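Residue numbers (our numbering), protein chains in the order written: chain P, 1 to 483; chain W, 1001 to 1502.
I should point out that these hints are in silico values taken from the structure, not numbers from a laboratory. Warning: the hint list may mix true and false statements.
Unchecked claim - Computed list of lysine to aspartate or glutamate pairs in EDC-like fashion (alpha-carbon distance at most 20 angstroms, straight line):
no., chain 1, residue 1, chain 2, residue 2
1, P, Lys437, W, Glu1157
2, P, Lys157, P, Asp71
3, P, Lys164, P, Asp71
4, W, Lys1502, W, Glu1199
5, P, Lys198, P, Asp360
6, P, Lys437, W, Asp1105
Everything numeric in this text was worked out from a predicted model, so none of it was measured.
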Amino acid sequence: MNVADIRWILPEILLAAVAVVLLVVELFTPRDNKRLIGTLALAGLVPVFASILTLLGDVGALGSGVRVFGDTFTVDAFALYFKLIAVVAAAFVILISLDYFPGRTPHVNETYLMILFTTFGLLLMASASELIMILIAIEFVSLTSYLLAGYLKTNAKSNEAGVKYFLYGAATTGVMAYGLSLLYGITGATSLYDIGAKLGQGGALSFVAVAMTLAGLGFKISMVPFHQWAPDVYEGAPTPITAFFSVGPKAAGFAILVRMLTTAVPVEAVNWPVVLAALSALTMTVGNLFALQQRNIKRMLAYSSIAHAGYMLMALAVLPSAWAQTGLLIYVLAYLFTNLGAFTVAILASANVRSDDIPDYAGLSQRSAVTAAAMTLFMLSLTGVPPTAGFFGKFYLFAGAIDGGFLWLAAVAAINSVVSLYYYVGVIRAMYLMPAKVETPLAEPAGLRVGLWVAGVATLAIGVLPQPFVLFVESARRLIVGN
Amino acid sequence: MSILSITLFLPLLGVVALMFIPRDNSRLVRQVTMVFAVLTFLASLMIVPGFDFSTRAIQMIEQASWIPSIGIQYKVGVDGMSLTLVIMTTLLTILSLIYSYRVEDRVKEYNLLFLLLEVGMIGAFLALDFFLFYIFFELTLVPMYFLIGIWGGPRKEYAAIKFFLYTLVGSLAMLLAILLLYFNLPADARTFDVLKITELRPLAGKGLIAALAFWGFFLSFAIKVPMFPFHTWLPDAHVEAPTAGSVILAAVLLKLGTYGFIRFSLPIFPDMFAQFAPIVTVLAVIGIVYGALVAMAQTDMKKLVAYSSVNHMGYVMLAIAAAASAYNRPELADAAATALNGATLNMLAHGVITGALFLIVGVIYDDRTHTRGVNDFGGLWAILPKYGAIAITAMFASLGLPGLMGFVAEFLIFVGSFAILPVPTAIAALGIVINAAFFLWTIQRVFLGPSNPKWLSLPDVTPREMWALAPLILLMIVFGVYPKPLIDIINLTSVQVVSLLK
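Full structure from sequences and hints, please.
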């Protein structure tokens, strides 16, 4: 181990330091000061963000990523891209939490620390390139997530969410650990790079190993048939935390999946494109069909997030296609802002109408034109109607599927998009077409308003002027180690 | 920035301007909207002086880099067909807005959506990049969804979502077809440029993939037109939409379908279109006869006009199918060009006439009687002389009376199509007869005979309504008597498209 390699984990070190220091500061913070820790956590994410950008510059200058600490940790542009996503998601979620937790729990300040620790795990996930490291990173994220899901102690649904998440996570992680041990048994190696070199022609056992590994990762990205936890957890968890789950761990799960598939599992060993194409079609269809029946916005967004995992899996099925790789990265970015925006509106609305039921959004457009317009934008983006980020991402994914020879999969995704329009428009319908019960303007706390604007502008910008985003993503994609 | 881009973005500027006006100031909202609509109309007229009438190809092209990483550009241009359609769009937007001065509910949103809709319509007619076209094509959906959903009739929510879902199915099929075209270009020449793709025809001779792409485009445009059996969204959307929404829907949005067939399907897939032309022909003829028969059975005037649209757009599709059948048959080129002239002219004529008919139904329904049952009236001409004259003129134009705009268009369609597809054209002529029958019958039931005493005190057309209707009636007569200038412009495109059918 080279001591100089430590600079490649600077973001992780910084984030851990911020979290630990805040843990101490929190001890001396008076109970009634509900804002200090949240604000400090936000500020603490700035140097983390900056250090990731610096590393991105270094990797770009090197022209390739680096593997450090005996191949356990890979720092390439791809990993750094997902770290940026994780940090942005965390910052956004802390921002929209500032007005959510006070009044719901006496332990407001600890929430932000838990979010920071989860983010630390997400950073590890983005870089993990060795079986033990992968397992530890995933477990780290899972444990803090269980706590966050059940954070509202006095709320029965939140408790249910925490327990369900835990039971489901424990089971799937167990299966995955078994799969990883099989991979080790077959190849005698734990580094993804060595496994990739030694897996060779594979055989039935490596298929089983990969399938079992998929269970654990499928749980993180809410892939069918490992998705059943999502609706209850999404509904029960505190809404900002749900927003976090829907983008943070999901994106990181995709990062690990891409890294494993591209480096450790040669297509000759296990014919995963066909398997993933089938899972993709299944995931998007199941997600959309169940989403159709939901009244509760959080449950609807839960099933919607399952459907979107299906769209993103489409890219994995055709990973050799440059379009699919770029498409996945753009889609993650688009989904990040769109979904966070949608949850921001959900928080804002529930603070005003005291309900998460979509019919209770009736007449919202008359109470806040900006909020309703932004929500419309997010719903259209989730459907994939131009000119929004979601459309551009979907455009790329469709192109990737066709480029990779999976026209049928693109067609299935297109049909699914039409189905999804129905329930996304349900929200628009409530806001604009149904009469308002009261006409008083919505109360819009500053944090939520900032979040709304950031998400709205980003959703529109990626849709209308995608070129800078494409350039950025392309550079990240080209620098995947081994690509 | 060329005049094309100015025309395209003026309404968008209007949308931005409206955002800064407080929503309780309805007066100012209406005035600002009207200013931008008139400016857009003037801008669209200003395209004409720069238009070179000696060139058949698309001209006044303006392009700018947009997403160069994947070969997407902002590229717009006009030819005879798109020029006339754009001017019709900007004019009808003004007339619809004039009529919409009566809308009192959520005025700001209404006007904002109308201008946004105009951007989408103009953009779709001008775009010369498939990605750009797709965005504008879709951009028309959302405002129309709201126009129907918020200001529509009793079943507005159902009609609005049905419209949205149907059109989105088609759009996504087209998106996949566009991508098929793109990925079948040579790797170093991949582009979404419509003109380059038209020139290179990446799917020529590619069998199944070409067929799939053709049907992808077909589905999208056929739903938009709408062709039988994809028309079921239309009666709902038209009947439930507010009057101005119906006008724009019928006059402009349906034309996006036929425009797409002529601009994209014919030149890019001439071989596939020729191969499948019999199917398209049969669907067109069914649409003509079925549309007319169903229209005849209606007692709701708005529904009657809606189904007559299925019939009229059927003529356009018949002409397009005829032109497609002339693929590789140079001896039929003249007939094909005539058919396409008729098709494009009928797109304009249907826009003007059916736009007027929806306004006419609106005039009697919205502010006066709140009923539009054909049997609820009688002798209306005696009570409302001005209204009766206008309505009867428009209905005569719609049934194809010589001397009015609809006749010229249908005549050209039949002359051109008959030389290529004699039997289907002969059957389609049946549609003309039925069409004439139900419009005459409607005139008789509504405007002639003994007056219904209930309506004796109805006021005649107000100046606002007159301003909305008179220009359309004038156009019907002017281009019915002297269609030459219009045909001269349209002919440029028709000859150009026919020259590509080999």
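Violated constraints from the hint list, given by number and in increasing order: 2, 3, 5
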